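Count the sequence shown with mature numbering (1 follows the signal peptide of the UniProt record, and there is no 0) and you get residues -22 to -1, 1 to 268, in order.
Hints listed in this document are in silico derivations from the structure and should not be mistaken for laboratory results.
Misleading hints may appear alongside valid ones.
[Stated by the list, open to error] Distance condition first, Cα-Cα at most 25 Å in a straight line; then the derived PhoX-like pairs of lysine-lysine:
# : residue 1 : residue 2
1 : LYS65     : LYS265
2 : LYS146    : LYS180
3 : LYS54     : LYS65
4 : LYS209    : LYS11
5 : LYS71     : LYS16
6 : LYS178    : LYS54
Every value quoted in this text rests on a predicted model; they were computed, and no experiment measured them.
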Amino acid sequence: MQFIPKTLSGLALLCLTLTTQAEILPEAEIGIKIPLAKKPTTRPMGVAYLPANQHYYIADGGLAPMGSEFEAPISKSEVHTFTGDGKYVQSAKPGFDNRSLYFNPNNGKLEIITYNISSAVGFLPNTGIFSLDVAETGELLGTSGEISQFNPAFGDAATMPSYDPVSKHYFAKQEHGNLVFVVDTKQREKLQEIKLDFAKAKVAHDDVSDHFVAFTGVAGNELALLDVDHKAVLIFDLNGQYVGKSALPATMKLRSQNHFNGLGYTNGMLFVYHESEGEFGTYYGFKVVK
């Protein structure tokens, strides 16, 4: 359901294209905390913010059960709605094993990318990129539309691609290394590979997030990667050159799943799942680049 006026979508897209003097914050600033109101379905995944209704959306991930004569093989993973100040609103089950979740200002829609985006083997029919229908008041309607089917250009099955609405390209972090695939869904092969300079950043591949690199939209500081072991956010440009880092609070207790999920970038913030805080964990939104 498209409810964002064209003028608003245009303004949102224009804001993303504006370039200003970028500044990496030496210490990340907490912009918002969103405590989860329900236990995540298997594992917490991506985060998105819709500017039109000023709501946040947090996706869970988890494979569908085996189908039977009594039950369809549809994932029970939920997507949760929160107000702009982090208060819980509702949850819905769109039927996908969610990975990435993001707002696309080109069509005014909330979109998700599923697990195994690179191959449909064993996971049909709900594999690919889909839009989630949202009411004007912010609630998820539980219905969806198909945008793109699976595409081998994304590489790893568990990748959590981020989206650049200006170029309309996706950035898919690959497992166990420093490679990021640049993908255009109109093509079945990756456009290019970006090799992140881990040597200059002084990290190894098992220090950092294995599946997610954020696209910030800030010129010269486009890619942000969570360094789990050193509690920092590493910033790279589109050539993979290391630019700098923003330190996270030393008191945060990041755990092994932060290497693989519980991450997103939206509303100018990198979101990190903090499992140790609250009954079901809390998402922190960090400002790392101005």
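Does LYS65 sit within 25 Å of LYS54, going by the straight-line distance between their CA atoms? holds (23 Å)
Are the Cα positions of LYS209 and LYS11 separated by 25 Å at most? Holds, at roughly 17 Å.
Hey, LYS146 versus LYS180, does the alpha-carbon distance stay inside 25 Å? violated (31 Å)
Hint check: LYS178 vs LYS54, CA-CA at most 25 Å. Holds or violated? Violated. LYS178 to LYS54 sits at ~42 Å, over the 25 Å cutoff.
Would the hint linking LYS71 and LYS16 be met if the CA-CA limit is 25 Å? holds (13 Å)
Given the hint that LYS65 pairs with LYS265, test it: the Cα-Cα distance must not exceed 25 Å. Roughly 20 Å between the alpha carbons, so the hint for LYS65 and LYS265 holds.
The structure does not agree with the numbered hints 2 and 6 stated previously, though it agrees with the rest.
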